[in-house]
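J.: With chain A fixed as given, assemble chain B onto it according to the hints.
Protein chains: 2
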Amino acid sequence: MSVNAESSKTTARERLYLFDTTLRDGAQTNGIDFSLEDKIAIADMLDKLGIDYVEGGYPGANPMDTAFFQKKRTKAAAFTAFGMTKRAGRSVENDPGLQGLLQAQSDAICFVAKSWDFHVKVALATTNEENLDGIRQSVAAAVAAGKEALVDCEHFFDGYKANRDYAVACAKAAYEAGARWVVLCDTNGGTLPDEIEAIVADVTRFVPGDHLGIHAHNDTEQAVANSLAAVKAGVRQIQGTLNGIGERCGNANLVTLIPTLMLKRDYAERFEVGVSEDALSKLTQFSRSFDELLNRAPDRHAPYVGAAAFATKAGIHASAILKDPRTYEHVAPERVGNRRHVLVSDQAGKSNLVSQLKSLGIAADPSDRRLDGLLREVKEREALGYAYEAADASFSLLAMRHLGEVPKFFDVKSFRVMVERRYNAVGELVTMSEAVVKLVIDGEEHMSVAEGNGPVNALDIAMRKDLGKYQSEIENLVLMDFKVRILNGGTEAITRVLIESMDEKTDERWFTVGVSPNIVDASFQALTDSITYRLLKGAAPAA
Amino acid sequence: MSVNAESSKTTARERLYLFDTTLRDGAQTNGIDFSLEDKIAIADMLDKLGIDYVEGGYPGANPMDTAFFQKKRTKAAAFTAFGMTKRAGRSVENDPGLQGLLQAQSDAICFVAKSWDFHVKVALATTNEENLDGIRQSVAAAVAAGKEALVDCEHFFDGYKANRDYAVACAKAAYEAGARWVVLCDTNGGTLPDEIEAIVADVTRFVPGDHLGIHAHNDTEQAVANSLAAVKAGVRQIQGTLNGIGERCGNANLVTLIPTLMLKRDYAERFEVGVSEDALSKLTQFSRSFDELLNRAPDRHAPYVGAAAFATKAGIHASAILKDPRTYEHVAPERVGNRRHVLVSDQAGKSNLVSQLKSLGIAADPSDRRLDGLLREVKEREALGYAYEAADASFSLLAMRHLGEVPKFFDVKSFRVMVERRYNAVGELVTMSEAVVKLVIDGEEHMSVAEGNGPVNALDIAMRKDLGKYQSEIENLVLMDFKVRILNGGTEAITRVLIESMDEKTDERWFTVGVSPNIVDASFQALTDSITYRLLKGAAPAA
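Here the protein sequences line up with chains A and B, keeping their order.
Just so we're aligned: the first sequence equals residues 22 to 564 in this note's numbering.
Just so we're aligned: the second sequence equals residues 22 to 564 in this note's numbering.
The following block holds chain A by itself, in its conformation from the complex (with noise of 0.2 Å):
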């Protein structure tokens, strides 16, 4: 199975080719270690996706690559090894590397291969003779094997400014060995816009951009702009990955590629790519997906897909959004799968409320006047330090309050907390902490005791112990995330606790806010909140 036959469709657009490495760049990003099971996982996310290449790792370099490339991993997209050119001084048949990575059970091979011809002398310590023998002999030993090739000529733009000849040489002899793509790689990100669009239209007077790739870095934070700017020049292929993950400042955004190529009209009118629709309607939750199983929060700031990146604050903008919300987005939340946010702030008005609840799936008819007392309460609210805008299920608990709608579920009748440090029996420094919370459930008490890490810990182990005839709707009930920010410094310091929860089991997430002086009692809010939450969820009939 090949990527290059075209589809049948009978528009004019021509084909842009989308390659991943996620699980080969994105796996040298400081701080993420796939397991086999991550590698198997995001490579089936990615052939969902409707990526056309999704580049697995290094088989031969570790035993966990080597295990991947056991079988092949994705059903559309061409499975992708990586690895080295032939070595200099020996034979096809006799570089354990190369025959290695040619049993490997892949479609295609991306070699990588130096174009910098200082990187050949001090790197490889061979000539350039040799080097480009290596590019040839290899991608036609791929080609025998039966496998598509590619060829990443790395620092292909510092070493074009530093001999042109030469590197245009590499690129050349990669093509003309049959490589069906030649990608110029940006090795250490610091080419910029420009000069990328230069260097790339010279160079398709030699390969022509059907056959060129584009493989940018984020050190100038312009690894998408250089991405376009290669686009514009000719290539034809765009290497990046989910939600720029990758070595240093990260790789092209393919989350914030994908929706620009198809939603700019610019590249949508000129251009088509794997993806279909209904993918892009999802690519919210495939990089959010994505994040869960790095375990780490996603970036609310992520363009087109992050939870803020269709949130408006400043009031006056927030009142016209809802006269006509086109001329504020520049493309529709929906197409992503992202939802528009209006948000509770100082600077808001009754508009923005009854939108705002309108979003939370809180139906609210704008002349009801207990709006208005929920408007006086939140103004209030935050001038004491909450933040409803990162809390959308404390706010909805104190919308439906105002509207009458919350049931009493539990009534926390006392708590105590104590933390002692001291040495014990042995003669060693311990700290305890124990959290004793007595509630009241339809007039019955409940008392519970528990130890935890911490005070906060230990209370909110000792709060979900015994909830007595809501213990089940809380099983699956887990904290996330626990944020404390100290509103004004010194002895008057203002605590806010902003807590996540999670549903184990249907992933919903949820976040509430407590703001007290007093840490514990702050944490004990937003506790106290997400439990009345996920009950009053719970009640409901599933949405």
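Keep in mind that the hints were calculated from the coordinates and are not lab data.
Glycine is no exception: its CB is placed at the ideal position from the N, C-alpha and C atoms.
Check the hints yourself; a few may be wrong.
As the list claims (entries may be wrong) - If you anchor each label on the Cβ, the simulated ranges turn out as follows:
| hint | chain 1 | residue 1 | chain 2 | residue 2 | range |
| --- | --- | --- | --- | --- | --- |
| 1 | B | V143 | A | R321 | 23 to 33 Å |
| 2 | B | G425 | A | Y444 | 18 to 28 Å |
| 3 | B | R321 | A | P229 | 31 to 41 Å |
| 4 | A | V451 | B | M468 | 33 to 43 Å |
| 5 | A | D223 | B | M501 | 50 to 60 Å |
| 6 | B | E403 | A | P229 | 47 to 57 Å |
| 7 | A | D389 | B | K526 | 50 to 60 Å |
| 8 | B | L381 | A | D186 | 48 to 58 Å |
| 9 | B | H467 | A | V451 | 16 to 26 Å |
| 10 | B | M501 | A | E426 | 50 to 60 Å |
| 11 | A | E465 | B | A146 | 29 to 39 Å |
T.: Chain B alone, transformed into the frame defined by chain A:
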């Protein structure tokens, strides 16, 4: 004071002006709420960085911004107020918003004006001609009040595409009325670099480029590229924010733009900015201090200043980097105050350490073998979450302990902190915090108890209540700030507490750190370090 006056440099480079809107557009960021103290600190930071214009907010829009503009908050930078142009149907004298703006203590006023005819009609409900008239009269009023006038043309690029003549007419009206700068705003962030370049080029036919600015948003991850495309087409002012904060996906990131403009040849040869080489070499510190103030973790992958921006994980790269770093790094990390991380071994460790100790006034001989133990402990503790960069006093203590220079002033035998929430005798819900501390000084036990706003406050008061013979030495010690950061989410959370202390008499400030899964324990460590540091300094002759 006007920033228009050119410096008397003899170079032929053109001046590019930097306009920071962290305190205005940045304040629209979802999740960010500046206090007045934050704003004062940030304005000072921007001033020191060498920004030309510091936009401080919208006096009159809310009490905090009004208070902020009660005096000028910058020394070198033009302190700039933001606000709307004159309302339709009112005279300048009769528009309280505009009058408030004219009376604010600012060097410059940046007016926001509609330049898209659709918005003039829908959002302002006025005529195109009245809108132009509002621009002219507002600019004239600012100039008459002795201020520099700027006009942000909102939605300029969308407006231009919908009605080129009207958008251009707005820009022209502002310029002809005397605006120093006409700023073309890509308000919804959806315009791509090529469009920006073409449209700006057209506008320079009507307004000279050295009176044009660009205001870009990051909705397609190209705010930096868009800013540079506009410079290429002629604008000479760039608007952006620290670390790219801002509504939705953020504004153009000045922390990325500054080094690109100063270190990349295409820009460095043509332009000069107000940022000195010395300030540039502190850019990493500026960026991280700003995150510290926002109490958020710095982005490890941020271009130029991220902890991973010059970090290499790949073995093949790492060994080559040691041979010649210049071929693997697009700029030298020292230029921006960052450093190279080769993740396999850190050879620079010990010489770094000696120079760091020197800057704290601690003389150490590089050949002193006790430094090896210190270096090892610093690395171990930093891996646990300690942040010595932000806690000079804790770092000094750690170093001096290794060098045998810290006496045991006091020993904390145990402490106990309790937080209790319950209904009191008259039925009010109250939360009470109490701490008990047992200290041993010269073999004598001192036991103190105190109540506080919260557990940490109670512990702080109890610890300082009876320090025996040292009591007089800590009389002037006050707790200035207390910051809590959760280092990893969920139930395994590690808490880092940073405490800022001050001697009220000498105004000396010092920072200490504590790390523990238990927030009370982490706070206790930082409090203990703070007191010990004070006693150590008090014991020595005044520095």
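J.: Decide, hint by hint, whether the structure agrees.
T.: Hint-by-hint comparison with the structure:
1. Restraint check, B/V143 to A/R321: a C-beta distance of roughly 29 Å satisfies the suggested window 23 to 33 Å.
2. About 25 Å separates the C-beta atoms of B/G425 and A/Y444, a value consistent with the hinted range of 18 to 28 Å.
3. At about 39 Å, the beta-carbon gap between B/R321 and A/P229 stays in the expected band of 31 to 41 Å.
4. For the pair A/V451 and B/M468, the beta carbons lie near 19 Å from each other, so the given range of 33 to 43 Å is not met.
5. With their beta carbons about 59 Å apart, A/D223 and B/M501 fall inside the hinted range of 50 to 60 Å.
6. Between B/E403 and A/P229 the beta carbon distance is about 51 Å. The supplied range of 47 to 57 Å therefore holds.
7. Remark: the range hint 50 to 60 Å for A/D389 to B/K526 is upheld by a beta-carbon distance near 58 Å.
8. Our hint of 48 to 58 Å for B/L381 and A/D186 holds, since their Cβ atoms are close to 54 Å apart.
9. Look at B/H467 against A/V451: about 22 Å separates their beta carbons, and that is inside 16 to 26 Å.
10. Between B/M501 and A/E426 the C-beta distance comes to about 44 Å, which lies outside the given range of 50 to 60 Å.
11. In this structure the supplied range 29 to 39 Å is violated for A/E465 paired with B/A146, their Cβ-Cβ distance being about 60 Å.
This entry does not satisfy hints 4, 10 and 11, going by the numbered hints stated previously.
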